[in-house]
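Sequences are here, hints too, so could you generate the full structure?
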Amino acid sequence: MVVDQTLEKVKDIIEAVKKEQSLEEGDILINCLHKVQDVYQNFVPSEAAEIVAESLNVPLSKVYEVLTFYTMFSTKTRGTFIIRVCNSLPCHVTGGAKIIETLFEELKVGFGGTTEDGLFTLEKTGCLGLCGVGPVIMINDQFYGNLTPERVVEIIAGYRKKGRAGT
Amino acid sequence: MKTQTVLVSVDSGSVLKGARYYKELFQELVNQYNLDSMVEVLETGSLGIYREGVLVSIFPDGVYYEVCSKDDVEKVVSEHLLKGRAVSALMIDEEIIKKNQPTEEAKTSETRIVLRNVGVIDPLVIEEYIARDGYMALGKVLSAMKPSDVIDILKESALRGRGGAGFPTGKKWEFTAKTDSDVKYILCNADEGEPGTFKDRLIMEGDPHAVIEAMAIAGYSVGASKGYIYIRGEYYGSIDNLNKAIQDAYEWGFLGKNILGTSFSFDLTIRLGAGAYICGEETALIESIEGKPGRPRFKPPYPPVAGLYQKPTVVNNVETFANVPWIILNGAKAFKEIGTPSSSGTKVFTLVGNIRNRGLVEVPMGTSVFDLVYRYGGGLPGGKSLKMVQTGGTAGTFIRPDQLNVKLDYDSAKVGVSIGSGVILVMDEDSCSVEAAKVAMEFFEHESCGKCTPCREGTRMAVSILEGISKGNGKESDLDLLLRISDTMEETAFCGLGQAVAMPLRSIIENFREDFLKHIRKEPCPVCVYEKPKKRKTPA
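Residue numbers (my numbering), protein chains in the order written: chain A, 1 to 167; chain B, 1 to 540.
Be aware that a few hints might be false.
Said to hold, decoys possible - Below, in silico cross-link-like pairs of lysine-lysine (BS3-like), each with a Cα-Cα straight-line distance of 27 Å or less:
| hint | chain 1 | residue 1 | chain 2 | residue 2 |
| --- | --- | --- | --- | --- |
| 1 | B | 451 | A | 62 |
| 2 | A | 62 | B | 292 |
| 3 | A | 76 | A | 35 |
Worth flagging that the hints you see were computed from the coordinates, not collected in a lab.
Here is the structure:
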């Protein structure tokens, strides 16, 4: 059973984080959720959240409170590639508005939306701290800077190819 | 010992321009030309300036190049390394480098304290940090100083918090030291989220051990044995470098039990944020470490008395910590000689927006906005004229070109120019004030945690009013309404986030009122990109 194996993995992850990083009880919830989310490709399903709650001895409602408060977490399935686009002023004045427009047109979704093929989810984010090379987007853990609309189209096409080859 | 060293500047910004690839290419070519016994190719942190290409320096020659392509790398190897001829076409103006280079003369304008090692050492090699007096301050403190001596030095140095609020660091440590508790904590606020700020990222990527050393010193001074670095979840490069540095520090005995053979023990670990600007507020940060949503706590009690798990807690910004080892080694007097009477030392500024040399500079407190924009930043590109500058981050002030002579320090907010986290965001003639205000308010609306009504509703109202004005549907009374919203938020918002919204909103309306009135009178906005009747396409 694939599902069971993944759930086992979640337990292992939590144990590893507990051993490695915990200085005080309860201080590893967010770190655990980051790792669990990586396993499930960009979201935390309810069965995994239950295991986290149980292993860390935290009420499930608390786990969900955290999951829904922070923008990097999601309780719903997201695309294979999460595109985070900076909409802060430093990126805006260096051409960020055009980048956002290009992303809307290219992906045909708005902020928070996932493309029909399930490849991309578009999210807006605050400053990514790369204002020296703005405008900037982030796709999963990769950054792309000094963007132009043409370059965005190119990058998306590259990921589309990658994503289709993967499925 | 190899005779020549090629240092490739590798940081989050330069990696995007191919820094890693160029480094490999250098190595490949060096091998190809059989220079590998004489030339060493190494990575270093950011040199502090962002240009089109990747910065590469060659020592002992002291020549700096900007490489933009494979051909450039080939040229540097075949001309400079092989034939000993500098490639002048790729060389960078010495003046720009000088301004960003560490010098021994601490009192000149080119002062580097915080960035003393960034761009000079390989951040992943602890020996390189040690070779530049790294962990010497910790050794000095543990072997020859009482905890109260350390606090006295810091108080005398008048170091103030570099996160934006400017609270005296020595005083903060003293509060915690004086508390009677068996458990105390040291927290490093590395949740750098203020738009335009990336100094902490480059400090952590370029000199992670400086932060670790300072936190251990803080632990000794206040009697804490546990520390956390709370870092943004999106800062992958910083997380990796810090993790490696912490691991090395444990192996070398600078962290852990009985540090340097003394009875002092200190444990340090990293906690990740998950995308919430509010977690930069110290009590929200504490909540987040405890595994809760990052909503701020009521103050008082303040963290130095009751912080993490209600225990006394010191929370300092990355840049503040990075100052500490230097102060311990060089003394409070040397530190006070730099800067202004109200604000001693240096400040790292990030120059962003429509400016030629985007990047960061470390200059003494009291440097004017004009110098930052024109002397260090090289002015505006493309011959454009200056429209406005926002200082201090999105929560900072929007100022007019005639206010550039203000010298930035913790007192300059009194004359309407805030230093904040050290952002200098330059906007050229193609920018529109209404648009800028709207984007800034949208940021706060998105990041408001929703706990208190003034912030949650105030930011939302500000955005909708500004949207109306930008579409030509505004009234003159809207401006008074906006000012009233900012007053209300400043007075009644629960935490610093909501209170800070007043500063940008009020300053942009007061300094650029005429622009707003133009939109209200529906005079065509000559520069505003969004003023066209076409609506932005947002397919559902």
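Here is how each hint holds up against the structure:
1. 451/B / 62/A: 17 Å, holds
2. 62/A / 292/B: 7 Å, holds
3. 76/A / 35/A: 16 Å, holds
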